[in-house]
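**Student:** For reference, the chains in residue letters:
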Amino acid sequence: MLIEPVALSDFFLSFFSAAMIILTATVYAGLFAWAKISARRSVYWGAWLAYIILLVCVGIFSIVNNFSGYWLLLSLTMALGYAFMPRLIWHLCVATHTLEPKHSHHSGGHHD
Amino acid sequence: MTLQTYQEKAAVYWSNCKQRHAKFMANPNLSGGQKLAVHYFTVAMVLFMAQLLFGLLAGMQFIFPSFLYEILDFNVNRMVHINAMVVWMLYGFLGSIYWFLEEESGVPIVGLKWGHLAFWVLTGAVTIVVLVYLLIQIGSGDDTSLWLINEGREYIEAPRWADIGIVIVILVFFYNVTATFAAGKWSGIAGVLTLDLVALAGLYTAGMFYVTNISVDQYWWWWVIHLWVEATWEVLVGCIMAWSLMKLLGVRRKVVQTWLYIEVALMFGSGILGLGHHYFWIGTPEYWFTIGGFFSALEPIPLVAMVVHSIYDSGAHRFKNSNHPALTWIIAHAFGNFLGAGVWGFMHTLPQINLYTHGTQWSASHGHLAFFGAYATINIAFFYLAAQQVRGNVWMGGDLANGWRWKTAAVLLNLGVMGMTVALLIAGYEQSFIERAVEGSTWAGYFAAQNNHWFMQAMVWRMVFGLMTAVGGGLLFWDLLEIGKGETRPAAIIQNDAITD
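Just so you know, the protein sequences line up as chains U and E, in that order.
Under numbering that gives the first Met the number 0, residues 0 to 111 are what the first sequence spells out, in order.
Under numbering that gives the first Met the number 0, residues 0 to 500 are what the second sequence spells out, in order.
Possibly wrong hints are sitting among the right ones.
[Stated by the list, open to error] Footprint (simulated), chain U over chain E, 3 or more residues, beta carbon under 8 Å:
1) 155 to 169
2) 243 to 257
3) 333 to 342
4) 350 to 364
5) 423 to 434
[Said to hold, decoys possible] Chain E side only, calculated, beta carbon under 8 Å to chain U, not exhaustive:
6) Val263
7) Ala264
8) Leu265
9) Met266
10) Gly268
11) Ile271
12) Leu272
13) Val303
14) His308
15) Ile310
16) Tyr311
17) Phe345
[Said to hold, decoys possible] Listing some non-contacts, in silico: residues in chain U with all C-beta distances to chain E over 12 Å:
18) Trp33
19) Arg40
20) Ser41
21) Trp47
22) Leu48
23) Ile51
24) Val55
25) Gly58
26) Leu91
Please keep in mind that the hints were generated in silico from the structure rather than gathered at the bench.
Model, not experiment: these values are computed from the prediction.
Built from N, CA and C at the ideal position, the CB exists for glycine as well.
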């Protein structure tokens with residue numbers, strides 16, 4: 000499948016939205032995990048706000064990189080993958096630590 | 000001074016070296032494997048200093064193009080700079096594995112004398128290769144030069160005889176590792192490590208044969224470059240990190256091994272076919288756009304997963320340890336890997352934009368931060384673990400005498416590399432814009448971009464931060480030689496999430 004390169008005028012948007020996808024995905028993942036640990040509703044909303052910004056960035060990235068056909072599947076994979084991956088990893092964390100002596104695994108636990 | 004005086008001085012120096020080496024080999028705090036590991040770490044640090052020195056010289060030549068012209072040309076400085084990096088990282092990895100091999104397997108290393116022999120052979124070969132690089136800089140290329148001087152493949156320029164030597168040394172290393180685990184006990188880390196070493200030695204052979212078709216040649220060449228760095232090295236570092244976390248923070252074996260398996264799965268899922276992002280412009284079929292683009296976009300997922308796990312752990316565990324320098328460098332590893340490989344990689348990995356950025360200073364920007372963040376940091380962390388044991392497993396936490404040294408070195412190195420990365424990013428952005436997009440990758444466009452004031456200013460800033468990195472590197476070297484000397488407090492014993500003072 001041939002590609003249509005980024006237009007000269009969209010250079011900055013391409014670089015910036017790509018960087019923001021990874022950064023907002025990380026902020027979303029981080030806030031999601033923090034919300035689970037601290038059980039604070041505001042942090043949970045913060046995570047979703049980060050995810051909405053991530054979706055906007057994926058949209059801008061898809062437009063300026065002239066995505067069509069298969070490439071749109073890539074955008075969809077990023078949008079869904081980054082939404083569910085932190086949840087999956089969280090479950091893996093809980094599962095791999097099940098036999099540990101309990102410090103503060105439960106929501107709202109203290110931090111040493 | 001006469002020749003005789005020089006000879007006498009050299010004899011005294013050599014005698015001192017032998018005495019210090021004999022004293023080190025009698026160190027009761029270290030096992031046989033750990034002594035061999037310290038040999039590897041020492042050469043790794045020397046090569047790190049060489050990497051910094053030749054990087055500074057090459058950086059200077061961007062600002063003053065006639066600097067050392069026809070004495071030490073840019074292509075030679077750049078080659079030694081990058082080769083020194085590849086080799087010091089390998090030395091660090093090999094040393095780290097020799098370091099924990101006996102403790103992990105529960106038995107002394109099988110064939111340790113072969114391991115020592117391989118170390119001296121490898122170190123001798125590296126010295127000869129570098130001397131040949133420096134002494135024979137110009138000449139025609141033929142079969143003789145390919146076998147004896149320079150193979151001509153970027154990043155793996157070592158001549159063919161050295162290639163064969165490297166594979167033999169890795170096979171000796173493989174024998175040490177597998178025979179030791181076979182004689183002792185196997186573990187999840189042992190299994191992953193053994194399989195990874197097969198790939199490490201096997202993939203290197205993909206860069207050792209020559210074909211006349213440049214696309215085919217590049218196709219196999221990337222098997223060494225990409226699959227080493229984004230597959231076998233990543234797994235190797237995963238094994239080293241798994242063991243370090245058990246040692247430093249007392250994380251349970253079951254947890255680190257499970258995550259090691261997950262990492263291997265993610266690596267198979269993204270890193271291997273992410274190779275496609277190197278196949279965009281070398282003449283391979285266009286389906287590599289699709290494969291490379293898709294799997295490269297998946298490559299940051301393990302890094303995002305790491306964030307969730309680290310927050311989970313910080314909420315679930317006491318965060319105490321008795322080797323603050325090592326822990327600091329492991330934290331730097333997490334951030335550096337995320338920014339350098341994740342953010343800087345994804346910014347220019349898809350073919351729609353990579354068309355303009357590939358091979359510009361943008362690649363250098365990504366390369367500097369990714370290699371430092373993903374590999375240099377974990378090696379330095381391990382050097383500090385080794386330094387602690389060499390001094391008799393002493394306390395290396397708060398209130399450490401001359402603690403300013405490791406802290407300053409860490410700040411200077413991290414700020415220096417980050418500064419170089421941003422400066423190179425500006426230069427790369429300008430090159431992508433002017434040379435590639437505006438001028439259409441013409442020869443005139445290349446020079447227009449190189450002479451643009453944004454490029455030149457960026458190169459000056461890169462030099463400033465390069466000097467900062469070099470000062471940090473020197474301080475790190477000094478600190479590793481001195482840290483823990485005179486310290487009498489024992490390190491805390493860390494096991495299974497519990498700390499006993």
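**Student:** Now, for every hint given, state plainly whether the structure supports it.
**Tutor:** Verification of the supplied hints:
Note: the segment 155 to 169 of chain E has 0 residues with beta-carbon separation from chain U under 8 Å; the three-residue rule is not met and the coverage is violated. Coverage of a stretch by a chain is defined here by at least three residues with a beta carbon nearer than 8 Å to that chain's beta carbons; for the segment 243 to 257 of chain E and chain U the count is 4, and the condition holds. With a cut-off of 8 Å between beta carbons, the segment 333 to 342 of chain E has 3 residues touching chain U; three or more are needed, and the interface restraint holds. Against chain U, the segment 350 to 364 of chain E contributes 5 residues with a C-beta closer than 8 Å to a partner C-beta. That satisfies the three-residue criterion, and the hint holds.
Under a criterion of three residues with beta carbons nearer than 8 Å to beta carbons of chain U, the stated coverage of the segment 423 to 434 of chain E is upheld, 3 such residues being counted. The closest approach between the C-beta of Val263 (chain E) and any C-beta of chain U is roughly 14 Å, which is over the 8 Å cut-off, so the hint fails. Interface hint at Ala264 (chain E): violated, since its Cβ lies 11 Å from the closest Cβ of chain U, which is beyond the 8 Å cut-off. Hint on Leu265 (chain E) is violated. Least Cβ distance to chain U is approximately 10 Å, over the 8 Å limit.
Interface restraint check for Met266 (chain E): the shortest CB-CB distance to chain U comes to about 16 Å, outside 8 Å, so the restraint is violated. Hint on Gly268 (chain E) is violated. Least Cβ distance to chain U is approximately 11 Å, over the 8 Å limit. Checking Ile271 (chain E) against chain U by beta carbon gives a least distance of about 18 Å; that is not within 8 Å, so the hint is violated. The criterion of a C-beta within 8 Å of any C-beta in chain U is not met by Leu272 (chain E), whose closest approach is roughly 13 Å, and the hint is violated.
Below 8 Å, beta-carbon pairs count as interface contacts, and Val303 (chain E) has one with chain U at about 5 Å; its hint therefore holds. Residue-level restraint check for His308 (chain E) holds (minimum Cβ-Cβ distance to chain U is 5 Å; threshold 8 Å). Interface hint status for Ile310 (chain E): upheld, as the beta-carbon distance to the closest one in chain U is roughly 4 Å, under 8 Å. Restraint check, Tyr311 (chain E) versus chain U: the minimum CB separation of about 4 Å is within 8 Å; hint holds.
Annotation: interface hint on Phe345 (chain E) holds; nearest CB of chain U at approximately 5 Å, less than 8 Å. Consistency note on Trp33 (chain U): stated as away from chain E, yet its beta-carbon is not over 12 Å from all of that chain's, at 6 Å minimum. At the 12 Å boundary, the C-beta of Arg40 (chain U) stays outside the reach of chain E, the nearest C-beta of that chain being 17 Å off. At the 12 Å boundary, the C-beta of Ser41 (chain U) stays outside the reach of chain E, the nearest C-beta of that chain being 16 Å off.
The claim that Trp47 (chain U) is not at the interface with chain E holds, since no C-beta of that chain comes within 12 Å of its own (minimum 16 Å). Non-interface status of Leu48 (chain U) relative to chain E is upheld: no Cβ of that chain comes within 12 Å, the nearest being about 17 Å off. The claim that Ile51 (chain U) is not at the interface with chain E holds, since no C-beta of that chain comes within 12 Å of its own (minimum 17 Å). Non-interface call for Val55 (chain U) relative to chain E: holds, since the shortest CB-CB distance, roughly 16 Å, exceeds 12 Å.
With 12 Å as the threshold on Cβ separation, the claim that Gly58 (chain U) sits away from chain E holds: the shortest Cβ distance comes to roughly 15 Å. With a least CB separation of 7 Å from chain E, Leu91 (chain U) falls inside the 12 Å interface cut-off, contrary to its annotation.
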